[in-house]
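Novice: Residue numbering for the sequence shown follows the working numbering, starting at 33 and increasing by one per position.
Everything labelled a hint here was simulated from the structure, so no lab data went into it.
Don't take each hint at face value.
With a straight-line cut-off of 30 Å between C-alpha atoms, the simulated DSS-like cross-links for lysine-lysine are [claimed, not checked]:
{"no.": "1", "residue 1": "Lys75", "residue 2": "Lys57"}
{"no.": "2", "residue 1": "Lys86", "residue 2": "Lys43"}
{"no.": "3", "residue 1": "Lys75", "residue 2": "Lys86"}
{"no.": "4", "residue 1": "Lys57", "residue 2": "Lys43"}
{"no.": "5", "residue 1": "Lys43", "residue 2": "Lys130"}
{"no.": "6", "residue 1": "Lys130", "residue 2": "Lys86"}
{"no.": "7", "residue 1": "Lys86", "residue 2": "Lys57"}
{"no.": "8", "residue 1": "Lys66", "residue 2": "Lys43"}
{"no.": "9", "residue 1": "Lys86", "residue 2": "Lys66"}
{"no.": "10", "residue 1": "Lys75", "residue 2": "Lys43"}
Here are the computed distance ranges between Cβ atoms for each label pair [claimed, not checked]:
{"no.": "11", "residue 1": "His70", "residue 2": "Arg129", "range": "33 to 41 Å"}
{"no.": "12", "residue 1": "Ser107", "residue 2": "Glu72", "range": "16 to 24 Å"}
{"no.": "13", "residue 1": "Ala76", "residue 2": "His44", "range": "27 to 35 Å"}
{"no.": "14", "residue 1": "Ala76", "residue 2": "Met51", "range": "19 to 27 Å"}
{"no.": "15", "residue 1": "Ala119", "residue 2": "His44", "range": "26 to 34 Å"}
{"no.": "16", "residue 1": "Pro102", "residue 2": "Glu50", "range": "37 to 45 Å"}
{"no.": "17", "residue 1": "Asp103", "residue 2": "Asp47", "range": "29 to 37 Å"}
{"no.": "18", "residue 1": "Glu88", "residue 2": "Leu45", "range": "16 to 24 Å"}
{"no.": "19", "residue 1": "Arg79", "residue 2": "Asp100", "range": "19 to 27 Å"}
{"no.": "20", "residue 1": "Glu88", "residue 2": "His44", "range": "18 to 26 Å"}
{"no.": "21", "residue 1": "Met51", "residue 2": "Asp103", "range": "38 to 46 Å"}
{"no.": "22", "residue 1": "Glu112", "residue 2": "Leu42", "range": "21 to 29 Å"}
{"no.": "23", "residue 1": "Thr121", "residue 2": "Glu72", "range": "17 to 25 Å"}
{"no.": "24", "residue 1": "Asp47", "residue 2": "Ala119", "range": "14 to 22 Å"}
Predicted model only: the values in this text are computed from it and were never measured.
All C-beta atoms, glycine included, are put in the ideal place defined by N, C-alpha and C.
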Amino acid sequence: MKIVAITGLLKHLFDLFEMTALQGKPVLIFATGKAEAHGEHVKAHLRSLMGFFKAEVCGDFIYAMDGDFPDSQPSAELRERIDRQLARTLAMVSSRRKT
33 MKIVAITGLL
43 KHLFDLFEMT
53 ALQGKPVLIF
63 ATGKAEAHGE
73 HVKAHLRSLM
83 GFFKAEVCGD
93 FIYAMDGDFP
103 DSQPSAELRE
113 RIDRQLARTL
123 AMVSSRRKT
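Full structure from sequences and hints, please.
Specialist: Structure, rendered in structure tokens:
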């Protein structure tokens, strides 16, 4: 059985963060991979990591694979998914600043 998790390099990057660096901050979770089945595992690991830092995960997890990058560029559908997530997050952040 293969265990899917974040890479050691990414873990080391987060080890450099102050414990409060992401506390209460809105974050979006994006990842790329080769197999659709890995997406849920990566999502769980990243959500757990963001929970550890007490970050606020906004919107849906976006997982892209090779087919989402025709000619090495993000597809129109992937760009739309990203744009929707960014718009939702910006609207949420803007509404909080007004209150």
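Novice: Does each hint hold? Answer for all of them.
Specialist: Going through the hints against the structure:
1. Straight-line distance between C-alpha atoms of lysine 75 and lysine 57 comes to about 18 Å, which keeps the hinted pair within the 30 Å bound.
2. This hinted pair checks out: lysine 86 and lysine 43 have alpha carbons roughly 16 Å apart, not beyond 30 Å.
3. In summary, the hint linking lysine 75 to lysine 86 is supported, as the alpha carbons are separated by about 16 Å, within the 30 Å threshold.
4. With a C-alpha separation of about 19 Å, the suggested pairing of lysine 57 with lysine 43 holds against the 30 Å cut-off.
5. A threshold of 30 Å between alpha carbons decides the hint, and for lysine 43 with lysine 130 the separation of about 35 Å lies outside it, so the pair is violated.
6. Our distance criterion of 30 Å between C-alpha atoms is met by lysine 130 and lysine 86, whose separation comes to about 23 Å.
7. Distance hint between lysine 86 and lysine 57 is fulfilled; the C-alpha atoms sit about 8 Å from each other, no more than 30 Å.
8. At roughly 20 Å between alpha-carbon atoms, lysine 66 and lysine 43 fall within 30 Å of each other, so this suggested pair holds.
9. Simply put, lysine 86 and lysine 66 have alpha-carbon atoms about 29 Å apart, close enough for the 30 Å limit, and the pair holds.
10. Between lysine 75 and lysine 43, the direct Cα distance comes to roughly 15 Å. Compliance with the 30 Å bound is thereby established for this hinted pair.
11. In this structure the supplied range 33 to 41 Å holds for histidine 70 paired with arginine 129, their Cβ-Cβ distance being about 36 Å.
12. The hinted window of 16 to 24 Å between serine 107 and glutamate 72 holds, with their beta carbons roughly 21 Å apart.
13. A C-beta distance of roughly 20 Å is found between alanine 76 and histidine 44, which places it outside the suggested range of 27 to 35 Å.
14. Between alanine 76 and methionine 51, the C-beta spacing of about 21 Å keeps the proposed range 19 to 27 Å intact.
15. Separated by about 32 Å at the C-beta atoms, alanine 119 and histidine 44 satisfy the suggested range of 26 to 34 Å.
16. Our hint of 37 to 45 Å for proline 102 and glutamate 50 holds, since their Cβ atoms are close to 39 Å apart.
17. Between aspartate 103 and aspartate 47 the CB atoms are about 36 Å apart, so this pair conforms to the stated range of 29 to 37 Å.
18. Distance hint check: the CB atoms of glutamate 88 and leucine 45 are about 20 Å apart, consistent with the given range 16 to 24 Å.
19. At about 21 Å, the CB distance of arginine 79 to aspartate 100 agrees with the hint of 19 to 27 Å.
20. A beta carbon spacing of about 24 Å between glutamate 88 and histidine 44 agrees with the range 18 to 26 Å that was offered as a hint.
21. Range check, methionine 51 to aspartate 103: about 42 Å between beta-carbon atoms, so the 38 to 46 Å window is met.
22. Against the hinted window of 21 to 29 Å, the Cβ-Cβ separation of glutamate 112 and leucine 42 comes to about 26 Å, which satisfies the hint.
23. Distance hint check: the CB atoms of threonine 121 and glutamate 72 are about 22 Å apart, consistent with the given range 17 to 25 Å.
24. A hinted range of 14 to 22 Å is violated for the C-beta pair aspartate 47 and alanine 119, which are about 32 Å apart.
Violated hints, listed in ascending order, are 5, 13, 24; each of the other numbered hints is respected by the structure.
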